[in-house]
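*Asks:* Given chain A, work out where chain B should sit, using these hints.
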Amino acid sequence: MTTLPAGAGAAEFAAEVTATAASLRTFLHGLPGVDKVGADQRAATLATRSIKTTAKQWALDLAIRMVDLTTLEGADTPGKVRALCAKAMRPDPADRGCPPAAAVCVYPALVPTAVETVRGSSVRVASVATAFPSGQVPLSVKLDDVAAAVAAGADEVDMVIDRGAFLSGRYDEVFRQIVAVKEACGAAHLKVILETGELGTYDNVRRASWLAMLAGGDFIKTSTGKVSPAATLPVTLIMLEAVRDFRELTGRQIGVKPAGGIRSAKDAIRYLVLVNETAGDDWLDPAWFRFGASSLLNDLLMQRSKLATGRYAGPDYFTLD
Amino acid sequence: MAFEYAPAPESRSIVDIRPAYGLFVNGEFVAPADGESMKTVDPATEEVLAEVGVAGAADVDRAVAAARKAYQRVWGPMPGAERAKYLYRIARIIQERARELAVLESIDNGKPIRESRDVDIPLVAAHFFYYAGWADKLGHAGFGANPQPLGVAGQVIPWNFPLLMLAWKIAPALAAGNTVVLKPAETTPLTALLFAEICQLADLPAGVVNILTGAGDTGRALVEHGDVDKVAFTGSTEVGRQIARSVAGTRKRVTLELGGKAANIVFADAALDQAVEGIVNGIFFNQGHVCCAGSRLLVEESVSEELLARLKRRMTTLRVGDPLDKNTDVGAINSAEQLAKIRTLTEIGEQEGGQRWSAPCPLPDRGFWFSPTVFTEVTQAHRIAREEIFGPVLSVLTFRTPDEAVVKANNTPYGLSAGIWTEKGSRILWLADKLRAGVVWANTFNKFDPTSPFGGYQESGYGREGGRHGLEAYLAH
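In order, the protein sequences belong to chains A and B. For what it's worth, the numbering used here labels the leading residue of the first sequence as 1, then goes sequentially. For what it's worth, the numbering used here labels the leading residue of the second sequence as 1001, then goes sequentially.
What the hints contain is simulated information worked out from the structure, not anything from laboratory work. Bear in mind the structure is a predicted one, so any value in this text is a computation, not a measurement. Take every hint as true, because none was put in to throw you off.
Listed next, the in silico DSSO-like pairs over lysine-lysine satisfying Cα-Cα at most 30 Å (straight line):
#1 Lys-1408/B to Lys-1447/B
#2 Lys-1408/B to Lys-1434/B
#3 Lys-1326/B to Lys-266/A
#4 Lys-1408/B to Lys-1341/B
#5 Lys-1447/B to Lys-1434/B
#6 Lys-1039/B to Lys-1341/B
#7 Lys-1312/B to Lys-52/A
#8 Lys-1312/B to Lys-36/A
#9 Lys-1341/B to Lys-1326/B
#10 Lys-226/A to Lys-266/A
#11 Lys-1085/B to Lys-1447/B
#12 Lys-306/A to Lys-1326/B
#13 Lys-36/A to Lys-226/A
#14 Lys-1312/B to Lys-1341/B
#15 Lys-1424/B to Lys-36/A
#16 Lys-1312/B to Lys-1424/B
#17 Lys-36/A to Lys-1326/B
#18 Lys-36/A to Lys-1408/B
#19 Lys-52/A to Lys-266/A
#20 Lys-266/A to Lys-1447/B
#21 Lys-1085/B to Lys-1069/B
#22 Lys-266/A to Lys-36/A
#23 Lys-36/A to Lys-1447/B
#24 Lys-36/A to Lys-1434/B
#25 Lys-266/A to Lys-306/A
#26 Lys-80/A to Lys-266/A
#27 Lys-52/A to Lys-1326/B
#28 Lys-1447/B to Lys-1312/B
#29 Lys-1326/B to Lys-1447/B
#30 Lys-80/A to Lys-226/A
#31 Lys-52/A to Lys-306/A
#32 Lys-1408/B to Lys-1312/B
#33 Lys-1137/B to Lys-1447/B
Isolated chain A, as found in the complex (with noise of 0.2 Å):
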């Protein structure tokens, strides 16, 4: 791995190996490979970690505070979104002691209504931007889908990375696309999206995330959503390896969000297993990390009513939105 004067910051690193497009290739191609074999049995044997009591409690709480409940359907309207935004504002009609979820995450032209419902909360507006979820669209139609989500008050935008020019090995252009984009998303959040289901190594995987880090994004994401496989143990734990190392590199922390498929509070107390023992507890927080999710919520809830009075309640007494 390059080697960084001491004190220089996260912007001098990155104008350094990104100074060219040789420069960058040969900096991504230059990372430390992946193990596959290796990296899939450490999220094995972290996922056999077994939280209890009031490790569990504490852990649900905390994974409700990062969920970013998420609508993304062609189907979606100003009604769905306003349930949805009422469902992560108070997602436990029937306890007030519950946290709210971190963000709601919607398609750009849903951005007012969710704006304008969760106005006056903690919970934040995320949009997905850049023509999601292919990203096969001209730059300038991706920048003005972002300026139009920004402009409508979206807080964070998640946006997805050119799989295509990736996979292709033009790096510089992505590059090129990302730090436009943050360009475009100003005070805005930006969440990249590295759609891992669709890069097939996890080398891959790690080079994406260098170089979404390198670009200025703020947060990297495992998917859409809308391919298989999404999020995967294996692939966050990667992704918390590599903005681990990015931090200790340039000094500048990057979230993480694994999105799509984690449906059980278990799945979700995995992965905070995973940032506590990979990146650290800096990142146990939902400002550094997310679960771009729907039906998870549900389940979290479940959990937290059990533990807190010992049975299961039906689904009934949870809303379904």
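*Replies:* This is chain B only, laid out in the frame that chain A set:
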């Protein structure tokens, strides 16, 4: 905000430890002839778990005679397919009672329940299943059309993987048609005694498996017994030498699986995060009580600083403590004696100029514990680079070129295992060919499978256990 894992102990209630155990001879538990007994303790708490019989010469005579009779009358003449039925039955009972065996192993040995549950016991069952499959196919194993069993096997096993070593010894012996007298280690007899109950449950004919508990004297009497046809030993090189001397000039066949000082070789192009996991698994798995542990880390100098920083960071996340807690990574040292040995050698390491770093983990007040430790600035001349410590202590050496890595890796009287970490396939093949080690792992470490032979070069012993090769040790051809 810190994520503190609440205690998650596996329940002890599944095991039923009796206050006292006899010897298992000819299908039943009997008191030792001279009534001697010893205590086995829980190394995590120093509490006495049970009184266990100490077999004397008379008991060894009885057990060997029972094994001889069972060999001649029942087990030897039995068709292989019939023997297989018993082995399959044992394997299934082990699977059914896996949790009980895992808990008991962790209590008596000190190893984390995660390992006894996920590694030891599944492998035990796998060994019985695997060798059960061979029992009626011995003529196709490559040892002639009609290979014959040897007779009575005297087997002595160590305390680091009590039930797994039992399986490695008993499964191939029985599959090949031999009967056995086995002595478990002095500090870890309980799972072997539970295995004896499983033999009863499986209706294994009396005398086919005999378990004699005791210490060194019991082992010596068994190994030196005149009516034993085959001696199999896993343990220290020192005792292995004594055994080799005592069987020299007799008709006994012998296999020895002894110590090691394995090189785990990391090249600059390795997948570093996984290499770190492999190093941790290589030396801290089972508290480093592993004969094939990767106790010498050979790292390419150009990447040593970065690798060590990553290794130390990873070591700070190791959870040392209650072996029965499901989140424990490193358990208790098996005995006070072993702990003293580890302490002595690490003190010598410091005196000789090695830089010691131990993971900052809290240790329980009672019991036998040692923090995961790494020594840097170690050279080939240091004792901690040459002698087997058999504990959670890693010695780090550096090399400059692949040739130097080969020379340093092979510069040991042992030769049990080695590890190679590189993303370059051609280098793996080149290096594996040059390493004098019975097992060479590439981009992994401490992986075991019943189909794969295991054994050493030089002072790490001779003979192979596991796989088709493992049958040879129990067949005349």
